[in-house]
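**Q** Listed here are the chains, written in short residue letters.
There are 2 protein chains.
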Amino acid sequence: MIHPIPPGTRDVLPDEMRELRRLNRLLIDVFEEAGYGEVSTPAIEYDEVISRGERPQSASHYRFFDENGDLLALRSDMTVPIARLVATRFADAPKPLRLCYLASAYRAVTPQRGEMREFVQAGIELIGARGADGTAEVIGVLEAALDAAGLDRTVIGLGHADLYRNLLTEFGVDGEARDAVLGRLATHDLVGLEAELSEAGIGAAATEACVALSQLRGGAEVLERAREIGGDAIERTTTRLQRTYEKLVESGTADRVQIDFGLLRDLGYYSGAIFEVYDPALGHILGGGGRYDGFLAKFGPDLPAAGFSLYLERVHVAQMEEEARRAERTAS
Amino acid sequence: MIHPIPPGTRDVLPDEMRELRRLNRLLIDVFEEAGYGEVSTPAIEYDEVISRGERPQSASHYRFFDENGDLLALRSDMTVPIARLVATRFADAPKPLRLCYLASAYRAVTPQRGEMREFVQAGIELIGARGADGTAEVIGVLEAALDAAGLDRTVIGLGHADLYRNLLTEFGVDGEARDAVLGRLATHDLVGLEAELSEAGIGAAATEACVALSQLRGGAEVLERAREIGGDAIERTTTRLQRTYEKLVESGTADRVQIDFGLLRDLGYYSGAIFEVYDPALGHILGGGGRYDGFLAKFGPDLPAAGFSLYLERVHVAQMEEEARRAERTAS
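Note that the protein sequences, when read in sequence, are chains A and B.
Each step along the first sequence adds one to the number in my numbering, with nothing skipped, and position 267 is 267.
Each step along the second sequence adds one to the number in my numbering, with nothing skipped, and position 308 is 308.
It is worth saying that the hints were derived from the structure and are not from the lab.
Using N, Cα and C, we set each Cβ at its ideal position, and we do this for glycine too.
Watch out, some of these pointers could steer you wrong.
Some, not all, of what chain A presents toward chain B, calculated at C-beta under 7 Å [what the hints assert, rightly or not]:
1) Met1
2) His3
3) Gly37
4) Val39
Far from chain A, by Cβ distances over 12 Å, these chain B residues were calculated [as the list claims (entries may be wrong)]:
5) Thr9
6) Val12
7) Arg21
8) Lys95
9) Ala144
10) Gly172
11) Arg217
Modelling step: build the complete structure from the supplied sequences, incorporating the hints.
**A** See below:
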């Protein structure tokens, strides 16, 4: 007899589960080795907490009432609960704070698009470390995690959350028109991007600049090419990206990093450097993160912060692909 | 700033989390060593599945609608999802099946009474092994888990789910009157028990028999004392308990086991032998289990089954108590 489970959820059978447990352990070991202590928070929170951390228009989490009529919600990531935890339990702890997690999160999604309703995330949060130093530390831990998982070919794209917001403001594009452009950028929809920019009424040169910028990715050399496009917004962002990139080179963790001026993350709380992990063998991103300075002020003291999370299941699929590739190479 | 979390949920900070991870690993290792493969299922299921496994009157799980208007529910234990999984994914697998889990479950509780709204359970399910042999195997794994956790002083109470149901039928007590008596038995409320029995109109001798029986606990000798109370229902149950107990003695796993004629588990699906783990140092039970023959037929083939689950947090508290006690003895 078949009893279906909700789309976007899954059962894991013993063979896969053993591998997932091994991967869990390996990631937690890497995080702890780097000084990050694991925390766990309830999957069920008051809706007031979860909503406080979300963009007003998203509301993509599950909600229900408890026996007292209080509105509860399932967490949709771990950054919001950890921001709540830091304000509540670590207000007086010495900073920076280094916390990590391995936990399920839940989103009301469109499973037809292959989105997961329930998924496991493994990640870290570095609370109270500002700027390029903090960002480089977080990316360094991410690299160590990818190394430990044997994902040699993964690439970390490094971009900046404020780039297009600032650039569009410079071009005089605001409000809904700006959101429409940002939407096209986030989905890498070049044709739609040009259409939205022309609709916003900015000139051909500005449109061209915006499109050209979104195509720039590579090593340190793309910083110069971005600067050649010109303008204040680009100059400011490029300077900040350069500082982070130089830190990474200094600490020997820039090998996998590709500067990506086309990067735009979906979550609302990022403020500075942002990054995503791609695996060339897979269509999906494996995870991502960035700075979210200003976000913790929603819950308590305004501490600078950065972090990342990896989708455990996707990392596992990438591991299997990688193992298959290695086996093939050994055989041939 | 304090942001409350729902009563009956908790945050776990790094020191405790490290210990919980260690305990997790240790329990899963014991289960796998015994041949039980870990599975994972979604925390969110269709309500139809969760409700199918519950007693009609309980409905103590959280429910909410998804984007298509389908009613979803948070699982309230792992036995129901595993029954669903066995019917769906293991219908043709050779039996017995040995599965284990370590997972969060959710109940709409009365947190004022100290009940947990979210809790982690570690347990096993043995599917397709009948009678005393199956029960003894499950109790053997439970003992190995308690040993590995260093809980030398825990006691496993062994009883029978059908004892009082059958006994009351023998006494002509049925329906609501029977449920009222069973309720008093489950909460070990002796005064209430006598009152309900007298209300049900059974004679003084039957009342005395029932009360005396509920007080019987100990080694093999209590089987004889139960038989002396007399009656068919007691005779049948005692014979079955004896068979299980003898199996445990045979396999060298009876040391911790105390036959307990007063035992009655809260969950509706138990059918034969039932057991609970007590720690003398703690007020709570640490977990329990039993046979649930007949339960799997709600989802697919009617396979005999038995299992147990431990409350991870309570096992951890018991471990800490035990360590403190050992440290004290070493110091004195």
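**Q** Now tell me, hint by hint, if it's right for this structure.
**A** Consistency of the hints with the structure:
1. Met1: This interface hint holds because 4 Å falls under the 7 Å limit.
2. His3: holds (5 Å)
3. Gly37: holds (3 Å)
4. Val39: Holds: closest Cβ of chain B sits about 6 Å from A/Val39, inside 7 Å.
5. Thr9: violated (3 Å)
6. Val12: It is violated; B/Val12 is separated from chain A by about 4 Å at its closest Cβ, not greater than 12 Å.
7. Arg21: Its Cβ does come within 12 Å of chain A, the nearest being 7 Å, so this is violated.
8. Lys95: holds (15 Å)
9. Ala144: holds (19 Å)
10. Gly172: Check passes; 37 Å lies beyond 12 Å.
11. Arg217: Non-interface label stands for B/Arg217: nearest chain A Cβ at 35 Å, farther than 12 Å.
In terms of the numbered hints stated before, the structure departs from hints 5, 6, 7, listed from lowest to highest.
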